[in-house]
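Start from the sequences and build out the full structure, keeping to the hints where you can.
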Amino acid sequence: MFYRENGQFKSSYRADQQIFPIAQDRIAIALLLLVAFVVVPLGVSDYWMRAILTPFLILSLAALGLNILVGYCGQISLGTGAFMAVGAYAAYNFHVRIDGMPLIASMLLGGLCATLIGVLFGIPSLRIKGLYLAVATLAAQFFTDWAFLRIQWFTNNSSSGSVSVAGLNVLGMPIESAVQKYIFCLVVVVVFALLAKNLVRSAIGREWMAMRDMDVAAAVIGIRPVYAKLTAFAVSSFIVGVAGALWGFIHLGAWEPAAFSIDRSFQLLFMVIIGGLGSIMGSFFGAAFIVLLPLFLNQLPAWLGFSISTALASHLETMIFGALIVFFLIVEPHGLARLWSTAKEKLRLWPFPH
Amino acid sequence: MTRKIGDVILDVQNITLSFGGVKALTDISFNVREHEVRAIIGPNGAGKSSMLNCINGVYWPQQGSITFRGQTFKHMNSRQVAEMGVARTFQNLALFKGMSVLDNIMSGRNLKMKSGILAQALRWGPAEREELAHREFVEQIIDFLEIQAYRKTPVGRLPYGLQKRVDLGRALAMEPQVLLLDEPMAGMNVEEKQDMSRFVLDVNDELGTTIVLIENDMGVVMDISDRVVVLEYGKKIGDGTPDEVRNNDDVIAAYLGVEH
Amino acid sequence: MGFFLETLFGGLMVGMLYSLIAIGFVLIYKASGVFNFAQGAMVLFAALAMARFAEWFPLWFGFQSQVLANILAFIAAMAVMVLVAWLIERLALSRLVNQEGITLLMATLGIAYFLDGVGQTLFGNDIYKIDVGMPKEPLLVLQGSFEGGLLLSQEDLIAALVAAGLVVVLAIFFQKTATGRALRAVADDHQAAQSIGIPLKRIWVIVWSVAGFSALVAGIIWGSKLGVQFSLSLVALKALPVVILGGLTSIPGAIIGGLLIGAGEKLSEIYLGPLLGGGIEIWFAYVLALVFLLVRPQGLFGEKIIDRV
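Protein chains in written order, with our numbering: chain E, 1 to 354; chain Z, 1 to 260; chain C, 1 to 309.
Everything labelled a hint here was simulated from the structure, so no lab data went into it.
Treat the numbers as computed from the prediction; the structure is a model and nothing was measured.
Be aware that one or more of the hints could be misleading.
Claimed, not checked - Using 35 Å as the maximum straight-line C-alpha spacing, the simulated DSBU-like pairs for lysine-lysine come out as follows:
1. Z:LYS112 to E:LYS10
2. E:LYS129 to Z:LYS74
3. Z:LYS97 to E:LYS129
4. E:LYS197 to Z:LYS97
5. E:LYS197 to Z:LYS152
6. Z:LYS97 to Z:LYS74
7. Z:LYS97 to E:LYS346
8. E:LYS346 to Z:LYS152
As structure tokens, then:
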């Protein structure tokens, strides 16, 4: 009854091609942005912003980047952590080695470095696909693990690969407090989400999806597989690299290579799969799920009234995590985004059954 | 409306194609004239799809050459062929199952879209206008093929007959000069075949598109084609107008068998 | 020269250990087309079961003999692995039959996490010992040819022999038995195998059980050498390059791939390492696999990957 599209006729192609063609969706998004930009900073505790919302935003961004590569273009990547690391360490180098380098410039340049590495390790995708490509991307992961640990120049001669940043600011405005960090990340994420959404609904997005769905037919239409695959790697790595810079600079403040290990890569891939491959919104859903699940599992014993040792708790968490992954893949392989759109379709008919 | 059949636009010379030890095509030569409807027929396994795949650059023949508009090639390159104005449909429907009908047909316009990635990301002025212009063109194709109601549906969910139309639509979106159709009527009932024949003839009549058509339905072939090539076991056994081919002894033997 | 040979042998031995794990990968991939990321977790789980059962059985049943404990523990651990195989097939695989590769891959990752959690919940998370009587003293050979002789690890030598033995047993199994033939049919074409009456589900349980068996053997050998601890499941990540080199569908390939990776790792660490700052072992195997993927994706002995239009 509320979600009807009755009366919402589009009289131009431009209107039909908006990101949110249904008026109720536009209102919902506007409300969401209002809550995110205004209500949260005012009403939510520092702890929540620092420990939950900010990491959620940054990981959503990384998941978004990964989704472009895996979900839209169909190229498996298990090396996302590596590209985050490149983004973080490159941004770090620009930040400390060049006096007065603006934060945003460092981050964007970090992203560009990640792009270069991403394209390099994307070259195998021109010859191999599927699991073989996954193994190739693992090479990227392990190589960068080693590079940032052992090659002193990358870490400004820190012996263990750990670095730190301080005194961040944008155009004079400090990025120190929880609120400031949150808003900064929010702005970055919203901007990138918009750009990404534009890309996936344009010609390049269709090229990516064509490569994913049937690459032989794509060639016959005149799509260049090389261009499509490498641009997917490039755009994806750029976004992931910027996310990595955000993770290091804003969320962690000080980090070492282990922050971007293979566990991170798996985590991001889980986000994308559970959230929904080939869906911008799905990346956010997946990130929320993965970020909130451990918290939920942590609190559950307390709610249920018994306590268990921390070791046991963490084992149970791992167990339940794994089981939920499998459960999800069985029940809704297209992820939360599909569940969401199914729910919306039912909502369109509500209160009628069909 | 009368079509004037023009000069030879596509010339296939002595094509031999093998896979490992199996010869799919042996020394095939024929030509196609501009604006005509040329059918390729033959029993199953005759190599018809392989022939189209050679013209399209999907397979590279071991011997022979293909001349298109005066330029001769030892083998074709898919993208080059597409740029030169050759489009095709597939026997097993190579549609992008995850995309909507609209997006599938829009993907056929990709060759004509010029905006760079940054422009697309920002979606400002020229990029948006280009997208809208191509959308208008594609909508004309959607109208022509009468699939307006399905434009936002993911093609994987459509019935087979409609999917075939989307396949044709995507090929048409490329504004091709030569259209290669691989069994466009396979699996269709009589009404659907009539619709599809109408579409094919309209495209040939109104747009002057040259059609190279693989088809197993003899009635359709005899009705709509100007000339016919007959293949059997990778060899050419007949070439001429439908009437000539219909009365060719070899062709009859291939289809009906020989009395012993 | 002596040092080079020592390093080489050492590397070859380690390579055999990798192969032990890789064989499990190949088995599952051959028969069900699934890339089992959970193989490492299976190795750890099996090793944990073995270690703990060997510890508990004497306590529960009141006997002293270590040998008896080991035998019983082996049988019990094997039973557990068959149960695991059955559960995986029943709860996960059969419901994911038609999904794409990446979904299956992710599912095995989920299974890996689950096995990790369950293993440590059931069996505890300390470092445990496995004592199957492996000789710990090194062997000195070729004292005549080289000064001081070459130092070889007896343990590794036995591991190599066990791996070779496993390959022979599996080869016989696949070639000579009816079940083996059924497995090969399933590996070739699921639907065709089903249409001639091969029970797909049972075959998959058998395959995962055999993979579980090889995981148990690998777990015992590795556990005996390193102690049973969490990092064991990370060793499995080394097994991936091994199967890439050897070919995803070839068991002998897993051996050869393992030898190449093992030797290559050790030698490059010793000779290239100082030039590049050390720690090459982190990535050597993978970069080698990457090179292979670019040049010969099917590996040395795998089947050529054909893309059909």
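(request) For the pair supplied as a hint, E:LYS346 and Z:LYS152, confirm whether the alpha-carbon distance does not exceed 35 Å. (result) Holds, at roughly 18 Å.
(message) For E:LYS129 and Z:LYS74, compute the direct alpha-carbon distance and say whether it is at most 35 Å.
(response) Roughly 29 Å separates the two Cα atoms, so the pair holds.
(message) Z:LYS97 and E:LYS346 were given as a pair; does the straight-line alpha-carbon distance stay at or below 35 Å?
(response) 23 Å, holds
(request) Assess, step by step, whether the Cα of E:LYS197 is no farther than 35 Å from the Cα of Z:LYS152, and give holds or violated. (result) 17 Å, holds
(request) Please work out if Z:LYS97 and E:LYS129 have their alpha carbons no farther apart than 35 Å. (result) 19 Å, holds
(request) Given the hint that E:LYS197 pairs with Z:LYS97, test it: the Cα-Cα distance must not exceed 35 Å. (result) 20 Å, holds
(message) Would the hint linking Z:LYS112 and E:LYS10 be met if the CA-CA limit is 35 Å?
(response) 26 Å, holds
(request) Given the hint that Z:LYS97 pairs with Z:LYS74, test it: the Cα-Cα distance must not exceed 35 Å. (result) Within the cut-off at roughly 33 Å; holds.
Hint compliance for this structure: every hint is met.
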